[in-house]
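Undergrad: Residue numbers (my numbering), protein chains in the order written: chain B, 1 to 256; chain S, 1 to 279.
Incomplete in silico selection of chain B near chain S, CB under 7 Å: (1) L54; (2) L56; (3) D74; (4) Y79; (5) F90; (6) P91; (7) I92; (8) S100; (9) M103; (10) L108; (11) I109; (12) A136.
Under the rule of at most 27 Å between Cα atoms (straight-line distance), these lysine-lysine pairs were calculated in the DSSO-like manner: (13) S:K264 - B:K88; (14) B:K6 - B:K105; (15) S:K264 - B:K89; (16) B:K134 - B:K173; (17) S:K35 - B:K134; (18) S:K214 - S:K264; (19) B:K88 - S:K83; (20) B:K104 - S:K35; (21) B:K58 - B:K6; (22) B:K104 - B:K88; (23) B:K88 - S:K218; (24) B:K134 - B:K89; (25) S:K35 - B:K105; (26) B:K104 - S:K82; (27) S:K168 - B:K105; (28) B:K6 - S:K168.
Don't read these hints as lab results, they were simulated from the structure. Ideal placement from N, C-alpha and C gives every residue a C-beta, glycine not left out.
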Amino acid sequence: MNKPGKLLELIEVVAGYGGEVIISNTSFSVLENDFIGIIGPNGGGKTTLVKVILGLLKPYSGQINYFPRTEPDDRLIGYLPQVHHIDKKFPISVEDVVLSGLMKKDRLIRRFTHHERKLAANQMELMGIIEIRKRAVGELSGGQLQRTFLCRALISSPKLLILDEPNNNVDNKFESDLYRILHDLNKNIAILIVSHDIGTISSHIKTIICVNRDVHYHQSNMITEDQLRAYNCPIQLITHGEIPHTVLKTHQSLSQ
Amino acid sequence: MIFELFQFKFFFNAAFAALLTSISCGIIGTYIVSKRIVFISGGITHASFGGIGLGYYLGFNPIIGAICFSILSALGIEFMAKKTDVREDSAIAIMWSFGMAIGIIFIFLTPGYAPNLLNYLFGNILTVSLTDIFFSLLLATGITIFFVLFIKPIVYISFDEEFSRTRKIRVDLLNYTLISFVALTIVLSIKVAGIILVISLLTIPQASANLFIKDFRKIIIYSVLIGFIGSMGGLITSYYLDIPSGAAIIFLLVLIFIFLRLLKFLLTRARQQNQNQIP
Numbered sequence: 001m002n003k004p005g006k007l008l009e010l011i012e013v014v015a016g017y018g019g020e021v022i023i024s025n026t027s028f029s030v031l032e033n034d035f036i037g038i039i040g041p042n043g044g045g046k047t048t049l050v051k052v053i054l055g056l057l058k059p060y061s062g063q064i065n066y067f068p069r070t071e072p073d074d075r076l077i078g079y080l081p082q083v084h085h086i087d088k089k090f091p092i093s094v095e096d097v098v099l100s101g102l103m104k105k106d107r108l109i110r111r112f113t114h115h116e117r118k119l120a121a122n123q124m125e126l127m128g129i130i131e132i133r134k135r136a137v138g139e140l141s142g143g144q145l146q147r148t149f150l151c152r153a154l155i156s157s158p159k160l161l162i163l164d165e166p167n168n169n170v171d172n173k174f175e176s177d178l179y180r181i182l183h184d185l186n187k188n189i190a191i192l193i194v195s196h197d198i199g200t201i202s203s204h205i206k207t208i209i210c211v212n213r214d215v216h217y218h219q220s221n222m223i224t225e226d227q228l229r230a231y232n233c234p235i236q237l238i239t240h241g242e243i244p245h246t247v248l249k250t251h252q253s254l255s256q
Numbered sequence: 001m002i003f004e005l006f007q008f009k010f011f012f013n014a015a016f017a018a019l020l021t022s023i024s025c026g027i028i029g030t031y032i033v034s035k036r037i038v039f040i041s042g043g044i045t046h047a048s049f050g051g052i053g054l055g056y057y058l059g060f061n062p063i064i065g066a067i068c069f070s071i072l073s074a075l076g077i078e079f080m081a082k083k084t085d086v087r088e089d090s091a092i093a094i095m096w097s098f099g100m101a102i103g104i105i106f107i108f109l110t111p112g113y114a115p116n117l118l119n120y121l122f123g124n125i126l127t128v129s130l131t132d133i134f135f136s137l138l139l140a141t142g143i144t145i146f147f148v149l150f151i152k153p154i155v156y157i158s159f160d161e162e163f164s165r166t167r168k169i170r171v172d173l174l175n176y177t178l179i180s181f182v183a184l185t186i187v188l189s190i191k192v193a194g195i196i197l198v199i200s201l202l203t204i205p206q207a208s209a210n211l212f213i214k215d216f217r218k219i220i221i222y223s224v225l226i227g228f229i230g231s232m233g234g235l236i237t238s239y240y241l242d243i244p245s246g247a248a249i250i251f252l253l254v255l256i257f258i259f260l261r262l263l264k265f266l267l268t269r270a271r272q273q274n275q276n277q278i279p
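Only chain B is shown next, with the shape it has when bound in the complex:
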């Protein structure tokens, strides 16, 4: 079997805002068939790491390389942002949001072609939101909104899908649907999912990146308590038995 190719790599990346370092010591690669969960406490730097990968935030030092492309464009990365950063009363339809995934810097004036509208329709059909394509985003449920953003992220056929807290503000039905959708997608593309809800994602992901100022890559979806302690990761303990399950344990505070 062919070894999976690299999509991007971070080498010794240090990044943050306004001079303050939020993540340091960050080196890892994302491969073609990866399904990585980015976990860690709130404020630990999960979103900072995502912004660095997306090219929205320039690192203070270190290097990011993208393959085979040189920058994180729409054919490499599809991105699903946190919902709370969206204005839900904005006057825009589902179809328009999905089509916005095809926007390109050198083609701002051009109208969408028949082919592109067809792409959008196919994507919406696939996600089960074709009937509500004319509806404004303000009239959608949390799950429908996430499906819309999934369509926007996927319409440019990226090789890597990045999701930032996709299970916030959605019902249980969507959450189980989401993991089924991601599982299918993972046959063809790599997935990077940010979540503080490690209990649910641990049985779906293949590997874990633990972000708490320091960034650690685990080549497994299980972490032992010893490892957690060594990494100063104040998260719940993850393990899998015959039936996938999560053993929850409150982590001791750092000062103890």
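Since the structure of chain B is already known, use the hints to place chain S on it.
TA: Frame of chain B; chain S shown alone:
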């Protein structure tokens, strides 16, 4: 009876100005309301008063001064909020009061009486000159062409700026261009409604349209329509009742908004009752 009014040249000018202002404000207002930057626009409006004061003091057309001050304050707020650690609403408050302070100081220093000062504060559409109309025509044309060409990136960036950045769109350039159009629209509408009232020309038609319509492009069209009905109606009312035109226009626009809101309430209730009767 109303047609007699159009025989007066000043009234014809005023009607034409009302149409052009409705177009510019209808388009720019939709951008402002959708992107929730009404407060920025209020800041820009009041900051332009500094330019009016400077115009009086140095003896040039106050509108030229207002244009410079509004664009500089618009870019200043955008820059301070995005590139420095000043919070956006604080940056707005600083520009808002600083511009007003400069205006008050220069008008105080100007010897003698400041003519037409009240027209700048409260607006008087009947004093619109051919030059004003020429510039309004230029602006309305410019804005219309710009929005027709760039409607996609304008909507997408206003909706989700961060996502647009991941698509390598030149978000900053577009934002600075749009905020400059906002500044120009505000200043060229000052003659119609005055510094104190102009913000309502940019928000009430949009808020009214948004009651029934949830699509950016359609809100533009209906806002232009509502704005034009409001300003023509206000203009005619002000003529017959002999009240200030700016205030009459705003009053009428608010009446339209209240009427549409009530209509929406009644329609929603009627629909709910219908649904209740079905089972």
